[in-house]
Amino acid sequence: MPEQVEFEYELPSGDILEVVCDITPGTPAKTWGLPEDCYPSEAGYVEIVRCMVQDQKLGPDFDPEGLFIRAKSSDGKFSYVDLLSNIEDAAWTEWDNQQS
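First residue of the sequence shown? That's 101 in our numbering, and the numbers climb one at a time after it.
None of these hints come from the bench; they were simulated from the model. Please read all numbers here as calculations on a predicted model, not as lab measurements. Careful: at least some of the hints might be erroneous.
Claimed, not checked - Computed Cβ-Cβ distance ranges for the label pairs, DEER-style:
no.: 1; residue 1: Leu167; residue 2: Asp122; range: 18 to 28 Å
no.: 2; residue 1: Ser174; residue 2: Gln154; range: 22 to 32 Å
no.: 3; residue 1: Pro125; residue 2: Glu165; range: 15 to 25 Å
no.: 4; residue 1: Phe168; residue 2: Glu118; range: 19 to 29 Å
no.: 5; residue 1: Leu111; residue 2: Cys138; range: 36 to 46 Å
no.: 6; residue 1: Phe168; residue 2: Ile116; range: 13 to 23 Å
Cβ coordinates follow ideal geometry from the N, Cα and C atoms, glycine included.
I would like the entire structure built from these sequences, with the hints used as guidance.
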């Protein structure tokens, strides 16, 4: 059963996205017992339910799929980062924080 997580994600431009995600945790493998009772592990996944720019709540949802942002790393160099992957990572982090 997915768990819903709500959080804010700040873009390098300073704009804030309000994100709602469904998180389905993974299941660990069962490798003991009879062979017919064993199964491999399954990775969890994140599904973005809603993503919108904070100041434009009445506007359409923001779709981060296929978009890259220019981010500055700790060594001062710029690189392009997949926005969808970053938001999914932030969703896992928020979910972990809510679990503890």
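- request: Provide an ascending list of the numbers of those earlier hints which the structure does not satisfy.
  value: Of the numbered hints given earlier, the structure breaks none, since each of them holds.
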